[in-house]
Amino acid sequence: MSDVLIEVKHLNFYYGSVKVLKDINLNVEKNNITALIGPSGCGKTTFLRCFNRMHDLYKGNRYEGEILLNGENLLKTQDLIALRSKVGMVFQKPTPFPMSIFDNVAYGLKLKGIKKKSEVEDIVERSLMQAALWDEVKDKLSSPATSLSGGQQQRLVIARALAVEPDIILFDEPTSALDPIATAKIEELLTHLKDITTILIVTHNMQQAARVSEYTAFMFQGELIEFDRTEKIFTNPREELTEKYITGRFG
Amino acid sequence: MDSSVYLKDKLFRRLGLFSSLTIIIICILMFVVLFIYSYPAIKQFGVVHFILSDTWNPVKKVFGGASAIYGTITTTLLALFFAIPLSVGIAIFITQLCPEKLKSYFSNAIELLASIPSIIYGMWGLFTLAPIMRIYVEPLLQKIFLPIPYVRYLFTGTPLGIDLLTAGVVLSIMIIPFITSIARDTFELVPKELKESAYAMGATKWEMIKDVILPYSRVGVLSGIIIAAGRALGETMAVAFVLGNDHNIHLSLLKSSTTISVTLANEFTEADFRLYISSLFYLAFILFIMSFTALGIAKFFLGKMRK
Amino acid sequence: MRIEKKRKIKNYIALSLATLTAIIGLFWLVFILTSILIKGLSAINLSLFLNDPAPPGIPGGGLRCAFIGQLIITILACIIGVPIGVLGGTFLAEYGRNNKLSGLVSALADMMTSFPSIVVGVFVYTLVVRPMGHFSGYAGALALAIIMIPIILRTTEETLKLIPWELREAAFALGAPYYLVIKDVVYRGAATGLFTGIMLSIARVAVETAPLLFTSFNNSFLTLNPNQPMPSLTVTIYQYAMGPYPDWHRLAWGASFVIVIFVLLFNIAGRFFIKKRLKK
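Residue numbers (the working numbering), protein chains in the order written: chain A, 1 to 251; chain B, 252 to 558; chain C, 559 to 838.
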């Protein structure tokens with residue numbers, strides 16, 4: 001059960017000349033949920049965005065070290081398009097594209113050049129089922145995605161990421177823009193999803209990390225303070241800083 | 252507080268109110284005056300008949316607006332045909348490709364096109380562009396398109412440079428800044444997360460533009476296009492120099508034509524009897540309605556988008 | 559893998575095309591400006607500014623009367639248009655903020671800025687020229703003023719709305735009546751922006767041609783009386799460029815050169831002021 005999917009080795013990251021991630025080492029286990037927690041500004045989102053090289057969109061950013069995905073250093077790869085089809089991402093706010101529900105889910109397939117109608121339809125249906133959205137949208141697949149509620153949109157975006165069968169999906173505070181009921185649905189969904197993929201999730205909500213994840217990493221000021229099994233972090237942390245944070249006696 | 256302060260405040264407020272109301276008064280008055288002066292021609296020629304008849308004959312005292320309306324719409328459509336791809340391309344360049352430092356310079360340069368007065372476009376069109384069209388561009392177009400069935404009818408005739416095509420090109424340059432600036436503004440409104448999530452799916456920059464930015468900003472770009480169309484419909488001087496004043500409808504883009512505004516510019520001070528003048532007012536009235544409708548629709552879309 | 563390569567090539571082609579459109583846009587600008595400036599420069603000499611037009615076909619002569627006529631018409635238009643525009647814009651941004659009527663006026667004014675200017679010429683013809691029985695500088699000025707009002711009104715409204723509301727509240731709190739708040743706080747804070755906006759609007763309207771065709775008309779003699787037909791640079795360019803004499807064409811080029819320089823100077827100065835304001 002403990003296959004390592006991703007190894008992060010001595011990762012440093014710079015915005016211009018400012019070093020914002022400092023020597024991070026961490027392993028992401030396959031078919032598990034790994035949560036990144038820490039106070040805002042600690043670098044957890046910056047760290048997450050290294051895995052699909054999102055920082056490359058903006059100027060003046062620099063990586064050092066290695067992130068090995070299946071043994072290959074993704075920080076060195078030139079082919080970002082191929083990388084990003086293996087590493088999915090779900091954002092804070094739902095990001096349905098301005099197209100129909102069906103086309104949203106099929107978007108990654110279209111990019112990959114999968115055109116056969118029956119195949120596309122099968123995958124869209126499967127992905128929507130995996131994202132627990134199928135029953136709610138099966139009769140209105142051609143309506144615009146923006147007509148869905150916020151929680152539905154977020155599950156749609158998850159289905160869109162699932163359709164291309166990524167090795168891992170990155171979640172950047174996926175429930176922070178949702179109401180409690182929609183949040184509960186997404187959390188339940190996450191625990192099911194680890195059977196088919198691997199999840200790395202940034203959350204500002206410690207209870208969420210405790211509820212859904214197997215592993216938790218606590219970050220502070222760009223450093224990885226502690227990384228361990230979730231129950232260990234939340235019951236018996238090694239570091240004083242971690243304990244302070246999870247017990248709310250921080251700052 | 253003494254009462255003179257209240258009085259002064261009231262006075263200032265009233266002045267402001269009346270000044271802003273002049274806008275409404277001008278619009279209403281313009282409508283009424285144009286209608287009253289067109290009335291003899293409306294009564295004589297009717298609405299449908301005037302719009303569909305292409306006879307414009309001061310000697311026989313028979314007037315129809317079809318040729319001017321045809322020229323107005325054709326030059327506008329030609330201008331849009333050239334300007335839309337260019338403007339959208341320029342807006343894409345400014346928002347997605349241009350180095351940050353050059354962005355404002357480049358935007359300003361394109362906007363400068365809107366500051367050049369139409370009389371200058373006219374001079375340039377007549378003395379610089381028209382000869383180039385006549386000697387190089389139009390013979391080349393004829394070489395390419397004359398052998399093609401049906402399409403050939405758009406390119407028959409002797410290339411003169413003073414024609415619908417040249418007018419369309421000049422107009423297209425004039426409206427580029429209008430479409431570009433609205434397209435640029437709406438492209439900038441696309442949420443960052445939406446663009447990032449397209450990249451996160453492995454989309455290339457072009458795929459992100461095509462699948463996220465363009466569909467997301469349709470309404471904005473569309474209203475920019477309509478505003479530009481409204482501008483092109485009523486443009487006078489730039490077109491008057493390069494279109495000639497021919498009240499016959501030709502299918503060929505290489506033939507002279509006229510527009511409502513060009514007819515007004517050429518004939519208004521020469522019209523010497525009541526029905527002639529009234530017919531010119533009728534044309535002006537039609538132009539008023541056309542522009543008002545186009546600009547109103549654009550305004551409506553923009554208002555909807557802001558919400 | 560082949561599909562990825564195809565996508566990358568498509569991406570490259572599309573982005574190159576977008577860059578190409580940008581180059582074409584810039585090309586038009588440079589092409590128009592340089593051809594006017596080059597052809598116009600050779601027509602520039604002192605007599606262009608100091609002499610009145612010679613009779614048709616006879617070489618020499620200048621456009622003194624047109625320069626002066628243009629100036630008079632523009633100044634008269636400003637006298638009518640600027641106060642109404644500024645006061646109206648002030649009302650929309652201050653007293654009438656958030657009321658429905660202001661929204662309507664603002665929307666109409668916005669539409670009027672893109673309105674066919676020749677229709678305004680026709681309109682003023684019926685209002686002034688016809689009742690008076692002759693063309694006049696006054697009529698031309700009124701036509702330009704009608705075009706100017708909505709532009710200045712919108713500029714004023716937008717500029718005043720940029721002044722933070724709290725600043726007004728602070729002045730109200732001192733017990734100042736609204737008109738003094740506007741005069742001492744709002745106008746003062748927006749001074750540079752207002753000035754720039756008004757200057758750019760004037761520059762834009764001053765070079766209009768179509769509204770003058772049936773209002774101030776033209777005249778080849780010097781006149782200082784706005785109650786007579788008045789020559790203007792723009793109408794003169796139109797008439798001379800369409801005329802048959804090479805000497806007329808030369809004068810039209812000279813006038814075009816002056817207009818382009820005028821427009822460029824105003825735009826550069828405007829940008830400069832706006833930049834300075836943003837830096838503050």
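Don't read these hints as lab results, they were simulated from the structure.
Just so we're clear, the structure is a prediction, and the values are computed from it rather than from any experiment.
Treat the hints loosely; a few may be bogus.
Distance condition first, Cα-Cα at most 20 Å in a straight line; then the derived EDC-like pairs of lysine to aspartate or glutamate [as the list claims (entries may be wrong)]:
1. B:Lys456 <-> A:Glu173
2. C:Lys568 <-> B:Asp462
3. C:Lys833 <-> B:Glu351
4. A:Lys86 <-> C:Asp668
5. A:Lys110 <-> C:Glu562
6. A:Lys115 <-> C:Glu716
7. B:Lys261 <-> C:Glu562
8. B:Lys456 <-> A:Asp56
9. C:Lys833 <-> B:Glu444
10. B:Lys446 <-> A:Asp56
11. C:Lys564 <-> A:Glu29
12. A:Lys86 <-> B:Glu351
13. B:Lys446 <-> A:Glu29
14. A:Lys194 <-> A:Asp167
15. A:Lys115 <-> B:Asp462
16. A:Lys93 <-> B:Glu439
17. C:Lys568 <-> A:Asp79
18. B:Lys461 <-> C:Asp742
19. C:Lys563 <-> B:Glu351
20. B:Lys555 <-> C:Glu562
21. C:Lys566 <-> B:Asp462
22. A:Lys59 <-> B:Asp260
23. C:Lys741 <-> B:Asp462
24. A:Lys59 <-> B:Glu444
25. A:Lys112 <-> B:Glu447
26. A:Lys116 <-> C:Glu716
27. C:Lys566 <-> A:Glu29
28. C:Lys568 <-> A:Glu188
29. B:Lys456 <-> A:Asp79
30. A:Lys110 <-> B:Asp462
31. A:Lys140 <-> A:Asp167
32. B:Lys550 <-> C:Asp610
33. B:Lys461 <-> A:Asp167
34. A:Lys112 <-> B:Asp497
35. C:Lys563 <-> A:Glu29
36. B:Lys443 <-> A:Asp56
Cross-check of the supplied hints:
This hinted pair does not check out: B:Lys456 and A:Glu173 have alpha carbons roughly 25 Å apart, beyond 20 Å. With a C-alpha separation of about 14 Å, the suggested pair C:Lys568 and B:Asp462 falls inside the 20 Å cut-off, and the hint holds. Of the supplied pair hints, the one linking C:Lys833 and B:Glu351 holds, its CA atoms being roughly 17 Å apart against a limit of 20 Å. Taking the CA atoms of A:Lys86 and C:Asp668, the gap is near 50 Å; set against the 20 Å cutoff, the hint is violated.
Note on A:Lys110 and C:Glu562: the hinted pairing holds, with a Cα-Cα distance of about 11 Å set against a maximum of 20 Å. Of the pairs offered as hints, the one joining A:Lys115 and C:Glu716 is violated, with about 50 Å between alpha carbons and a cut-off of 20 Å exceeded. Distance check on the hinted pair: B:Lys261 and C:Glu562 sit about 70 Å apart at the alpha-carbon level, beyond 20 Å; violated. Restraint check for B:Lys456 and A:Asp56: satisfied, since their Cα atoms lie roughly 12 Å apart, inside the 20 Å limit.
A threshold of 20 Å between alpha carbons decides the hint, and for C:Lys833 with B:Glu444 the separation of about 30 Å lies outside it, so the pair is violated. Straight-line distance between C-alpha atoms of B:Lys446 and A:Asp56 comes to about 13 Å, which keeps the hinted pair within the 20 Å bound. Of the supplied pair hints, the one linking C:Lys564 and A:Glu29 is violated, its CA atoms being roughly 35 Å apart against a limit of 20 Å. For the given pair, A:Lys86 sits about 31 Å from B:Glu351 by alpha-carbon distance, which is inconsistent with the 20 Å threshold.
Pair hint B:Lys446 plus A:Glu29 does not hold up; C-alpha atoms about 29 Å apart against a cutoff of 20 Å. With a C-alpha separation of about 11 Å, the suggested pair A:Lys194 and A:Asp167 falls inside the 20 Å cut-off, and the hint holds. Annotation: proposed proximity of A:Lys115 to B:Asp462 holds, straight-line Cα distance about 17 Å (limit 20 Å). Simply put, A:Lys93 and B:Glu439 have alpha-carbon atoms about 18 Å apart, close enough for the 20 Å limit, and the pair holds.
The hinted pair formed by C:Lys568 and A:Asp79 meets the criterion: a straight-line CA distance of about 16 Å does not exceed 20 Å. At most 20 Å may separate the alpha-carbon atoms for a hinted pair to count; B:Lys461 and C:Asp742 exceed this at roughly 50 Å. Simply put, C:Lys563 and B:Glu351 have alpha-carbon atoms about 29 Å apart, too far for the 20 Å limit, and the pair is violated. For the hint linking B:Lys555 to C:Glu562, the alpha-carbon distance of about 39 Å lies beyond 20 Å, and the restraint is violated.
Between the alpha carbons of C:Lys566 and B:Asp462 the distance comes to roughly 15 Å, so the proposed pair stays at or under 20 Å and holds. For a cut-off of 20 Å, the pair hint linking A:Lys59 to B:Asp260 is broken: about 54 Å separates their Cα positions. Of the pairs offered as hints, the one joining C:Lys741 and B:Asp462 is violated, with about 50 Å between alpha carbons and a cut-off of 20 Å exceeded. With a CA separation close to 17 Å, the supplied pair A:Lys59 and B:Glu444 stays within the 20 Å bound.
For the hint pairing A:Lys112 with B:Glu447, the CA-to-CA distance comes to about 18 Å; that is within 20 Å, so the pair holds. The suggested pairing of A:Lys116 with C:Glu716 is violated, with an alpha-carbon distance near 53 Å, which exceeds 20 Å. For a cut-off of 20 Å, the pair hint linking C:Lys566 to A:Glu29 is broken: about 33 Å separates their Cα positions. Straight-line distance between C-alpha atoms of C:Lys568 and A:Glu188 comes to about 41 Å, which puts the hinted pair past the 20 Å bound.
This hinted pair checks out: B:Lys456 and A:Asp79 have alpha carbons roughly 14 Å apart, not beyond 20 Å. Taking the CA atoms of A:Lys110 and B:Asp462, the gap is near 11 Å; set against the 20 Å cutoff, the hint holds. Using a Cα cut-off of 20 Å, the hinted pair A:Lys140 and A:Asp167 is violated, with the two alpha carbons roughly 29 Å apart. About 46 Å separates the Cα atoms of B:Lys550 and C:Asp610, which puts this hinted pair outside 20 Å; it is violated.
Proposed proximity of B:Lys461 and A:Asp167 is contradicted: the alpha carbons are some 27 Å apart, above 20 Å. For the suggested pair A:Lys112 and B:Asp497, the alpha carbons sit about 56 Å apart, so the restraint of at most 20 Å is broken. Annotation: proposed proximity of C:Lys563 to A:Glu29 is violated, straight-line Cα distance about 32 Å (limit 20 Å). Note on B:Lys443 and A:Asp56: the hinted pairing holds, with a Cα-Cα distance of about 14 Å set against a maximum of 20 Å.
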